[in-house]
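**Student:** Here is what each chain is made of, one letter per residue.
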Amino acid sequence: GNSVTQMEGPVTLSEEAFLTINCTYTATGYPSLFWYVQYPGEGLQLLLKATKADDKGSNKGFEATYRKETTSFHLEKGSVQVSDSAVYFCALSSSGNTGKLIFGQGTTLQVKP
Amino acid sequence: GAGVSQSPSNKVTEKGKDVELRCDPISGHTALYWYRQSLGQGLEFLIYFQGNSAPDKSGLPSDRFSAERTGGSVSTLTIQRTQQEDSAVYLCASSLGIGTIPYEQYFGPGTRLTVT
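Sequence order for the protein chains is A and B. Counting from 1, position 63 in the first sequence corresponds to residue 825 in this note's numbering; the numbering is continuous, with no gaps. Counting from 1, position 5 in the second sequence corresponds to residue 8 in this note's numbering; the numbering is continuous, with no gaps.
This is chain B alone, in the form it adopts within the complex (with noise of 0.2 angstroms):
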């Protein structure tokens, strides 16, 4: 079956412009996670969804950062007014959901975005 897609694949904007990213989750993954994988600070995690609710968003880095995910499936991370160190792969990844022991997660291919 088709695995977890982002989109876009590269995206250079402008420092102060917003942009958008996308995922695609695995079809009946409930849960779904973004992580951010820059030189600086390695891969780190950003925010967690549950079906359609956030319960852990203690890694997004700003109020600039925000997400969200409707219908259970995909997610848009978008960032407000790109910074310079806001230049990074961004990284999906989907899972069956949260059982006594983690179920293994599905990354997509991730989308590098650079700000210029």
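So here's chain A without its partners, still in its complex pose (with noise of 0.2 angstroms):
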């Protein structure tokens, strides 16, 4: 079946540091792919999307490639701030199915100044 793995946390990083949460997946046909963050007392927000192969999401100075060669999509950004902490999910949702999402187990991030 349908199934996401993400790098487990937390991730600790300075403010302005770069960073990378891995996301790979495994599904059959071709999925879309989604990273939802979910920041403190709040609730799932889309964060960026792709929906198919070598398409670049990006939102907010994150951004993550759809890579079909290495079934991945990692979120990246150049350098985080201390308002960038907050619960990542890479999911990902089968076109002609019912579009329910499949999610990782999310990532916990924090900055500190």
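These aren't lab readings, by the way, just hints derived from the structure by calculation. From the three backbone atoms N, C-alpha and C, an ideal C-beta is built for every residue, glycine too. There could be a bad hint or two in this list.
Which chain A residues face chain B? A few, computed with CB under 10 angstroms, are given here [unchecked claim]:
1. Phe-796
2. Leu-806
3. Ser-856
Computed footprint of chain A on chain B; a stretch qualifies when at least three of its residues, placed anywhere within it, have a C-beta under 8 angstroms from a C-beta of chain A [claimed, not checked]:
4. 80-87
5. 111-118
Taking the hints as your guide, dock the two standalone chains into a single complex.
**Tutor:** Below you can see the structure in the form of structure tokens.
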């Protein structure tokens, strides 16, 4: 079945450091890939998405590229801020299906000033 | 416009009691999803509605769990004879529907259920 694996946290970085959160997936067909973010005390929000191979999703300085050859969708940001502290979830949704999201376990990011 | 709303925000119940959780999706969204977020299991899919029909119930963990949706809008998730392992945050999401490419799902704030 479809599944998502993301690196375990927590990840602790200093402000302005480079961020990478690894995500790999297993899926049949051609899924769409997502990164969701959950800030403290808030609900899940879509951060970025990519719907086909080699697409790059980007938002708020975050980027992720859909790599079919490595079945990966790693999240990157060049310079993190304290306000980026949150839990990040990688997810996939298979096209032509119900659209349901399959999530990774989540990675907690803490950015220190 | 208004986002997805859920009620109650918190629910504490005794083991063995029934609970009902409510979700109000974004107006015009035909697809509605329930997910559960727990420490041990992470974020897991429960059930999907398209209109009032539930073509995918594959994530419901047992027959104590059921859900319905009326008028293509409000949905209720019911848990009968609650157990301590049902303690979790129950999230509802809605989207415009299903297309060739999945539409963005908008999540509600969740209902935190604690079974004592």
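**Student:** Each hint should be assessed against the structure and marked as holding or not.
**Tutor:** For each hint, the structure was consulted:
1. This hint holds: Phe-796/A has a C-beta 9 angstroms from the nearest C-beta of chain B, less than the 10 angstroms allowed.
2. Using the Cβ-Cβ criterion of 10 angstroms, the hint placing Leu-806/A at the interface with chain B is satisfied: the shortest such distance is roughly 4 angstroms.
3. The closest approach between the C-beta of Ser-856/A and any C-beta of chain B is roughly 8 angstroms, which is under the 10 angstroms cut-off, so the hint is satisfied.
4. Under a criterion of three residues with beta carbons nearer than 8 angstroms to beta carbons of chain A, the stated coverage of the segment 80-87 of chain B fails, only 0 such residues being counted.
5. With 3 residues having a Cβ less than 8 angstroms from any Cβ of chain A, the segment 111-118 of chain B passes the three-residue criterion, so the hint holds.
Taken one by one, the earlier hints fail for this structure only at number 4.
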